[in-house]
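Colleague: Protein sequence lines correspond, in order, to chains A and B.
In this text, residue positions in the first sequence follow the working numbering: the first is 1, and each later residue adds one.
In this text, residue positions in the second sequence follow the working numbering: the first is 1, and each later residue adds one.
Source of the hints: derived by calculation from the structure; they are not laboratory data.
Cβ coordinates follow ideal geometry from the N, Cα and C atoms, glycine included.
Treat each hint with caution, since some may be false.
[As the list claims (entries may be wrong)] Here are some of the chain A residues that sit facing chain B, going by a computed Cβ distance under 8 Å: (1) Q143; (2) P216; (3) R240; (4) L257; (5) E258.
Number of protein chains: 2
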Amino acid sequence: MFEQLGLIGCGLIGGSFALALKRAGLVKRVVGYSKSPSTTERAKQLGVIDIDVPSALQAVSGSDLVLIAVPVAATEATLKAIRHLVTDTMLVMDVGSTKSDVVNAARRALGDKFGSFVPAHPIAGKEVAGVQHAEADLFKGKQVILTPVEHTQTAQLQQAIEVWEQVGSHITQMSPEAHDAAFAAVSHLPHMIAFAMMNAINSQEQGKDYLSMAGPGFRDFTRIAASDPHVWRDVLLANRDELLAQSKNFQRHLQTLELMLSNANGEALEGLIRQASQSRSAWTMNKKSRQ
Amino acid sequence: MFEQLGLIGCGLIGGSFALALKRAGLVKRVVGYSKSPSTTERAKQLGVIDIDVPSALQAVSGSDLVLIAVPVAATEATLKAIRHLVTDTMLVMDVGSTKSDVVNAARRALGDKFGSFVPAHPIAGKEVAGVQHAEADLFKGKQVILTPVEHTQTAQLQQAIEVWEQVGSHITQMSPEAHDAAFAAVSHLPHMIAFAMMNAINSQEQGKDYLSMAGPGFRDFTRIAASDPHVWRDVLLANRDELLAQSKNFQRHLQTLELMLSNANGEALEGLIRQASQSRSAWTMNKKSRQ
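In isolation and in its complexed conformation, chain A is listed as follows (with noise of 0.2 Å):
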């Protein structure tokens, strides 16, 4: 049980947080604060704060949890922003979609302080942003990847595995390198596809009449590139030098198919759509290979 959450991003993610920590009675008191005051005065409004402030410091102070949810650039000039209030007992975490570049952030903003901050990166989301979509039960079923680093206190590492486990998530914890290179494969990169699909189509004169014949199949394959442009352009900079191998990989693999289809080499085709449809079909979220 935490007195006070001091929430410093009170968007989706920020504000699903606060509501899922208020229902499992886990927190007394959400302090919140947004860059956009709007966005403040509706987290709320909507009861997803308790206490609208105008900057992160006063967040943090009395706050005994702190949770960063702002865009993963933005991680390091939050984090010294509200440095000289960090303390040794306070758990500090992030939300962020890459963690390399946010450990390495609060290593240089938090300093003596780092060890409080656990990073975290919740598998969860939406494509729509904003604090009106927040919801209490965002993260349950869900994944959390903790990745401490040797300076993380345990102290905090534990209590961020507790907090996430009673909203429900299942915790893996992992290096920020394994992260980032995972995340890059599953995550970061089907974005950038999921854009690059949307730009390619409305480039071509009969682009819109394309897409009024378009079906659920292209609903699906496309439902991430309504993401946050803001978001998603930092979090793909952020991975760049992973999303970019990756990017090259499946290109290796889309064009083999394209020669496939040029050689009209059909039984070659079929053995490897055979492939990807039988570990597509064995997939299923959250059954993890390891723990």
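Got chain A sorted already, so can you dock chain B onto it with the hints?
Modeller: Here is chain B on its own, set in the frame of chain A:
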């Protein structure tokens, strides 16, 4: 109202069509044939068809409506096999995902009976195949594209429109060529990309670990990768030229994003993501830009 539906191919789509027609009271009797006798038997056990027969020709005998629901590459052989029982007043339709090749195959196979054939493509499906997944609601609220050509008889075209409308579908008419260009962009390429994505991840040593961390975005993005390998081999091959052109165009747009990323050009990157995001947010399924 039809006396008898001759169903050739008792899979997901064919089976769902039979169930939809039965529930709408549009047909008295369904006679079914599948290449695999066990499929035909199963369709009968499940009540999808009333009578099972051991040949396509026998399914056509006595039918005033014939649906050919086989992989597109099998369409021509199927039409040849039934040709001498096709009459001037019979309505014969297919359900293939490509239309130029099907129209050409029908022209060759049916000769002077070609006018009875109405090429149809219901934009409905599931990532699971087989008659056990058939459902009467599959076409409800979905689009069906009809691609009649100059020799298609208006009587059959009108009947086709009515039968699809009565099972709840929205009808769009266009040329086979326009259909294939559009579906290369919004369906065939997304499938090929989803296949390539699964293969690209599986090609990596840690692919299994990566997959274990994937979340809801990945789940939806790759859903179509689980599609039937034989069906999709045929579709991709049948629409090869349009598909390769769409794939090249897509890769140009992907490489533009890669370039912005390599140059750490955040502003341009965000601009491109914003275009994609706004376009996808504004899109809704079955919103026609023209009739």
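Colleague: Which hints, by number, does the structure contradict?
Modeller: Violated: none.
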